[in-house]
Amino acid sequence: MAPQSKAFMSLLNERTVAVAIIFAVALLWSVGQITFLSGVIIAAVTGVTLLQLSLKRRFEELEARRKAIQKRKKDNRTTTVSIRAKALDLLPSPFLLIDSNHQIAVANVAARELLGSEIVGNDVSLYLRQSNFVAALEATLSDPDADLQVIRYTTSKDRSFDVTVAAVPQMKSDRNGPEAMLFFYEVTSLIRAEQMRADFVANASHELRTPLTSILGFIETLIGPAADDIEAHGRFLGIMQTEAERMVRLIDDLLSLSRIEMTRYVAPDMEVDLSKLIVNTVSTLQPRASDRGITLKSDIPSGLPLVRADGDQLTQVFINLLSNAAKYCDQDSSVHVTAAPALQEGWIHLTIRDEGPGISEEHLGRLTERFYRVDTARSRKMGGTGLGLAIVKHILLRHDSALEIKSELGKGTTFAFKLPVAKINNA
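When you line the sequence shown up against the working numbering, it's residues -8 to 418, in that order.
In case anyone wonders, no lab produced these hints; they're calculated from the structure. Keep in mind it's a predicted model, so treat the numbers as computed, not measured. Heads up, the beta-carbon is just placed ideally off N, CA and C, and yes, glycines get one too. A portion of the hints provided could be inaccurate.
Derived Cβ-Cβ restraints for the label pairs, each shown as a range [unchecked claim]: (1) V270 to V365: 26 to 34 Å; (2) D114 to E52: 45 to 53 Å; (3) T275 to E104: 50 to 58 Å; (4) D153 to H224: 55 to 63 Å; (5) D136 to S45: 53 to 61 Å; (6) A258 to D153: 18 to 26 Å; (7) V100 to S45: 54 to 62 Å; (8) N92 to V257: 48 to 56 Å; (9) V257 to P135: 45 to 53 Å; (10) P83 to K288: 45 to 53 Å; (11) Q277 to K402: 21 to 29 Å; (12) N194 to D136: 19 to 27 Å.
No more than 20 Å apart at the CA atoms, straight line, and that leaves these computed lysine to aspartate or glutamate pairs for EDC-like [claimed, not checked]: (13) K267 to D290; (14) K397 to E353; (15) K267 to D303.
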């Protein structure tokens, strides 16, 4: 029965009882069983009793309503806390709520994954121990109007975060005391990128400075001690020309790498005849390879489908890989280029294999780094810039591919990658 119906029935019962008592008193008085004064007293006592019952009922109703309101408030708070917790857990970055005792009151999933699953309820200094962080937290808790503070935090696994310490806005009804929020923003990739940029600038400067210093040295010699040495002029000018050409190649490769990185997320949309491209590239490079007695061989099956690629960039991939193989393989040996449908439908698998001395395993993982060389002196002597494989790597990334390198000392090196077919025939 609804509360309103119960209240109505209770009120109806009380009135019925009151009318019945009054009727009974009047009847008894009329037949002389009680005096008028006794009737009045009985009626008064009855009225007081009924009033007490009515007040008790009203109090019970009010108490029930109060408890219902409190329950609704508690349920609402529980729901709010649950919604807040779920919302915080959806955040990809770690978040902590710190109470006035420096204890962790709330930690989302990302924070628990970073600092530990049982961190809630513990002192935050157990996990973030830097003195500047503790000072920032104390300042924020003592002054809610304090400016935001950002502290760099680095984990034992070399992950870095910028942690923003901010005060939680306080309401007059709040009884929890001051609280602070900690927002973690991971900057690991930014730091690594900055380090890579700094290393790149340093390496590029060094690579340019070396031939430039050589050229300046020969110029000073020609102006000074060798000013009248005609025989030295020709020899020195030849060396200067070689160094200048090396600088030009380096600058060209730097510009090429920059252009490739600018198109990293622009999908190639050309349909390229891979067979024709490989044959033309081999024909172009064969005369230079022949100077060292090296033969470039291609094994391309007929009917090879077109691939979706950037033709110019793909040509650069084959030029770099074939030139690299021809430079470092043994004289009077061969470099083999093969192409065939890959096991994965819709892709063409390509390999460039040389018969050179091979590369030690510790070098394989770094070969595509900018300016990395297994043998620096030999690389420079052969005219390498140290950017060829880095260029190949970034071109293949744009083509949703990757360069695989396998090598064994004394048995040569194999470079492999795959390219997507332009159109898949489902017939």
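Each hint tested on the structure:
1. Distance hint check for V270 and V365: the Cβ-Cβ separation is about 30 Å, which falls inside the suggested range of 26 to 34 Å.
2. The supplied range of 45 to 53 Å is met by D114 and E52, whose beta-carbon atoms lie about 48 Å from each other.
3. Checked against the given bound of 50 to 58 Å, the beta carbons of T275 and E104, roughly 54 Å apart, stay inside it.
4. Distance hint check: the CB atoms of D153 and H224 are about 60 Å apart, consistent with the given range 55 to 63 Å.
5. Checked against the hint of 53 to 61 Å, the C-beta distance between D136 and S45 comes to roughly 55 Å, which is consistent with it.
6. At about 33 Å, the beta-carbon gap between A258 and D153 misses the expected band of 18 to 26 Å.
7. A C-beta distance of roughly 56 Å is found between V100 and S45, which places it inside the suggested range of 54 to 62 Å.
8. At roughly 54 Å, the beta-carbon separation of N92 and V257 lies within the given 48 to 56 Å, and the hint holds.
9. At roughly 49 Å, the beta carbons of V257 and P135 sit within the given window of 45 to 53 Å.
10. The hinted window of 45 to 53 Å between P83 and K288 holds, with their beta carbons roughly 51 Å apart.
11. About 24 Å separates the C-beta atoms of Q277 and K402, a value consistent with the hinted range of 21 to 29 Å.
12. Restraint check, N194 to D136: a C-beta distance of roughly 48 Å breaks the suggested window 19 to 27 Å.
13. About 12 Å separates the Cα atoms of K267 and D290, which keeps this hinted pair within 20 Å; it holds.
14. At most 20 Å may separate the alpha-carbon atoms for a hinted pair to count; K397 and E353 meet this at roughly 12 Å.
15. Annotation: proposed proximity of K267 to D303 holds, straight-line Cα distance about 13 Å (limit 20 Å).
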